[in-house]
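The chain contents come next:
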Amino acid sequence: MRAAPLSSKAPLRGGTWSYDGSLEGLILLAHKAYATLSAPDAVANALAEEGELFALLGPAPLESARASADGDAAAAGAELRAFSGELFDLVARIWMSEEALELPLFRLCAETGRHGPDALADHGSADFRALSRSSRRVIREIDRLKGLARFSPRADGLFSAPLEPDANVIAALVPHFARRFGNEDFAIVDLRRRLSVARRGGRFETAAGDETRAYLPEPKIDEDLLLWKRYFAATENPARRNPELQRRLMPIRYWKFLPEASGGA
Amino acid sequence: MDLGEKLEILAASARYDASCASSGSSRSSGSSQGGLGAASPAGVCHSFTGDGRCISLLKVLYSNSCSKDCAYCANRASADIHRTSFSVDELVRLTIGFYRRNYIEGLFLSSGIFADPDIVMEKLIDVAQILRERERFGGYIHLKAIPGCGEKLLKKAGLYADRLSANIELPTASSLARLAPQKSGDEILGAMRFMGQAEAESKEERGRLVGWRRSEAPRFAPAGQSTQLVIGASPDDDRTILRLAGALYSRLGLRRVYYSAFVPVSTDPRLPLIGSPPLLREHRLYQADWLLRFYGFKPEELLPEGESNFSADIDPKMAWALRHPDFFPVDVDRADYGELLRVPGVGITGAGRIISTRRAGRVRPEDLPRMGIVMKRARGFLSSGGRPLSDLGYAAIDPARLIKDGGADWAPASPTAGIKPTDSHRLAQAQLEFSFA
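Going down the list, the sequences are from chains P and B. In this text, residue positions in the first sequence follow our numbering: the first is 1, and each later residue adds one. In this text, residue positions in the second sequence follow our numbering: the first is 1001, and each later residue adds one.
Honestly, the hints are just simulated from the structure, not real lab data. Fair warning: there could be bad hints in the mix.
Result set (SDA-like, lysine to any residue): computed pairs, CA atoms no more than 25 Å apart in a straight line [said to hold, decoys possible]:
#1 B:1152 / B:1133
#2 P:229 / B:1273
#3 P:256 / B:1339
#4 P:229 / B:1339
#5 P:229 / B:1182
#6 P:229 / B:1068
#7 P:229 / B:1206
#8 B:1376 / P:133
#9 B:1068 / B:1207
#10 P:256 / B:1376
#11 B:1068 / B:1088
#12 B:1155 / B:1263
#13 P:229 / B:1087
#14 P:220 / B:1051
#15 B:1068 / B:1084
#16 P:229 / B:1051
#17 B:1155 / B:1217
#18 B:1298 / B:1263
#19 P:220 / B:1263
#20 B:1152 / B:1251
#21 P:220 / B:1133
#22 P:256 / B:1097
#23 P:229 / B:1085
#24 P:229 / B:1001
#25 P:256 / B:1054
#26 P:229 / B:1050
#27 P:229 / B:1017
#28 P:256 / B:1008
#29 B:1152 / B:1207
#30 B:1376 / P:130
#31 B:1183 / B:1133
#32 P:220 / P:157
#33 P:229 / B:1008
#34 B:1152 / B:1206
#35 P:229 / B:1083
#36 P:220 / B:1090
#37 B:1068 / P:237
#38 P:229 / B:1183
For clarity, every value in this text was computed on a predicted model and none was experimentally measured.
Construct all of the structure, not just a fragment, from the sequences and the given hints.
Here is the structure:
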């Protein structure tokens, strides 16, 4: 059976919706669009308060998010997720993308509330395509950094990776590295946004601004790093050289932190 | 010799093995038991070498001393190279050290046959066992199955490894006899068959359990097995190779067949004289392999009777489409997923998007390029609402242009790739000689 076509636009309630740039704020407005089947025609985005993103941490993000004056972001997030995990993920990724895509996002939320999750795969919709492109960019950045983050040891036993992500993805990387590191201590530092997350003794610590410096690795060349450089050079097959392909798969902007590309410590 | 020198030698000796995947497994035993590491099903690339290949695993040989003298192999007994071996502890230290820094997903360990196959296999198992039991390492481990070793050892290897592989290397018994006379095709296939059974039995046993009993039951090589074929060292044609790959997928349940363009490593008169590895041929075989695994094609469809090799100019999917004009046009409003997948320029993503967009509304032809459809390839093969796209203002396909574009999907490091013309004469006579009864 075919679902109703999506060509009819949700009625615009118009006006300006405003939020503080935080993920919680975006989720509350996305939920509002979804629940009321309406979208604004302008969005005012105040500067995000630093540190808000860490509500995303952990396997069940947002459960710890506090209720704000605008309503309960955790409950709104849970309701969106129960309706469609894909919709919830899209909201989170659009927030991570740092692109001004709130309007198309709210329109798509209204459309999804109206027509069901099929609207989340409608490549005939320009709104969906723009959101999907941005979401894919975020996913690609997360996937790349899962591989290209380089952790170095500090004197206190913490393994720390400095990064300059293209999108605000650090919160999405934490669960991955928490699994990888088992019980060991680690830290990720976003130099561009001056944010950091560390786990020490099983507890998460977050920092912003100058405080993040306390989590940076010490610039030091040690044996493992040298062994890795030698391995990298030896494992390449000289009969198959194709530097163009290498740069396409691993753009130069990532090389800064890669010891094998003479970046890093 | 210091550890760095050993690492350089034993990495260079292992670089001809194309397999480096860390996918297909899911494991958290390491981190949940207080150790290090977890394997994620999608796999992770940690770097890319200057040849554009993904580094996912620390890929080394345990030892590059080898009693076998396979003509195509850089480590053959008669080759004049430095010989060395790791110790078990050195490999454990390297794996853990690299893993912690996020250089790798885990270890790929193979070896030259420096002793009796059982002894070689035991060494590889030692490394994996210590990583899993002493270090509680939960990352990815790929072990080479040493043909000729006992079945008990293969069984044990499968309990520690995520993936096992035995390399067939040459696709026919006659090529093996000529270039690797000390290798036995039956022995290699025997090991593969045994591992396939062990994997199936382990899956079946686990299926009978529930809850924690299932999650804690031992799993035999959860990422299955793979193999590798060397391309261009023997006169075997693409049809022979592809039919073998098809049989390995359908009858032995292999997860991956890797194709490794022969790199001239010696002047052995039994080998073809080529200047550089046949990378384009390797590329065409990978394209065809994808069509087998994800697009529902059969080997016989891609290279029917009388066609021995893929064209250098046209990719295998386009070649199939040009041979089957009756199948087209495929209509974006009505075709099912399998039909869409057969259209050149429509991939898995594009076909999925056409289907999902149809659920929400209508697929407008002008949206197709934005849905990931490569129009310069697809336009001659699609219709919309029963009308060919060429009627809707999209130019029809121009065969001359097509050949140019078909070649343009390929940018080899050196344009002289390929097999010598004198070989192609013999190619036609090659037969699929292995039996899978």
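Checked hints:
| no. | hint | result |
| --- | --- | --- |
| 1 | B:1152 / B:1133 | 19 Å, holds |
| 2 | P:229 / B:1273 | 34 Å, violated |
| 3 | P:256 / B:1339 | 45 Å, violated |
| 4 | P:229 / B:1339 | 47 Å, violated |
| 5 | P:229 / B:1182 | 36 Å, violated |
| 6 | P:229 / B:1068 | 31 Å, violated |
| 7 | P:229 / B:1206 | 42 Å, violated |
| 8 | B:1376 / P:133 | 22 Å, holds |
| 9 | B:1068 / B:1207 | 41 Å, violated |
| 10 | P:256 / B:1376 | 38 Å, violated |
| 11 | B:1068 / B:1088 | 23 Å, holds |
| 12 | B:1155 / B:1263 | 33 Å, violated |
| 13 | P:229 / B:1087 | 21 Å, holds |
| 14 | P:220 / B:1051 | 29 Å, violated |
| 15 | B:1068 / B:1084 | 16 Å, holds |
| 16 | P:229 / B:1051 | 16 Å, holds |
| 17 | B:1155 / B:1217 | 15 Å, holds |
| 18 | B:1298 / B:1263 | 29 Å, violated |
| 19 | P:220 / B:1263 | 38 Å, violated |
| 20 | B:1152 / B:1251 | 23 Å, holds |
| 21 | P:220 / B:1133 | 32 Å, violated |
| 22 | P:256 / B:1097 | 21 Å, holds |
| 23 | P:229 / B:1085 | 20 Å, holds |
| 24 | P:229 / B:1001 | 18 Å, holds |
| 25 | P:256 / B:1054 | 18 Å, holds |
| 26 | P:229 / B:1050 | 13 Å, holds |
| 27 | P:229 / B:1017 | 20 Å, holds |
| 28 | P:256 / B:1008 | 24 Å, holds |
| 29 | B:1152 / B:1207 | 23 Å, holds |
| 30 | B:1376 / P:130 | 23 Å, holds |
| 31 | B:1183 / B:1133 | 33 Å, violated |
| 32 | P:220 / P:157 | 14 Å, holds |
| 33 | P:229 / B:1008 | 10 Å, holds |
| 34 | B:1152 / B:1206 | 20 Å, holds |
| 35 | P:229 / B:1083 | 21 Å, holds |
| 36 | P:220 / B:1090 | 23 Å, holds |
| 37 | B:1068 / P:237 | 22 Å, holds |
| 38 | P:229 / B:1183 | 35 Å, violated |
The structure does not agree with the numbered hints 2, 3, 4, 5, 6, 7, 9, 10, 12, 14, 18, 19, 21, 31 and 38 stated previously, though it agrees with the rest.
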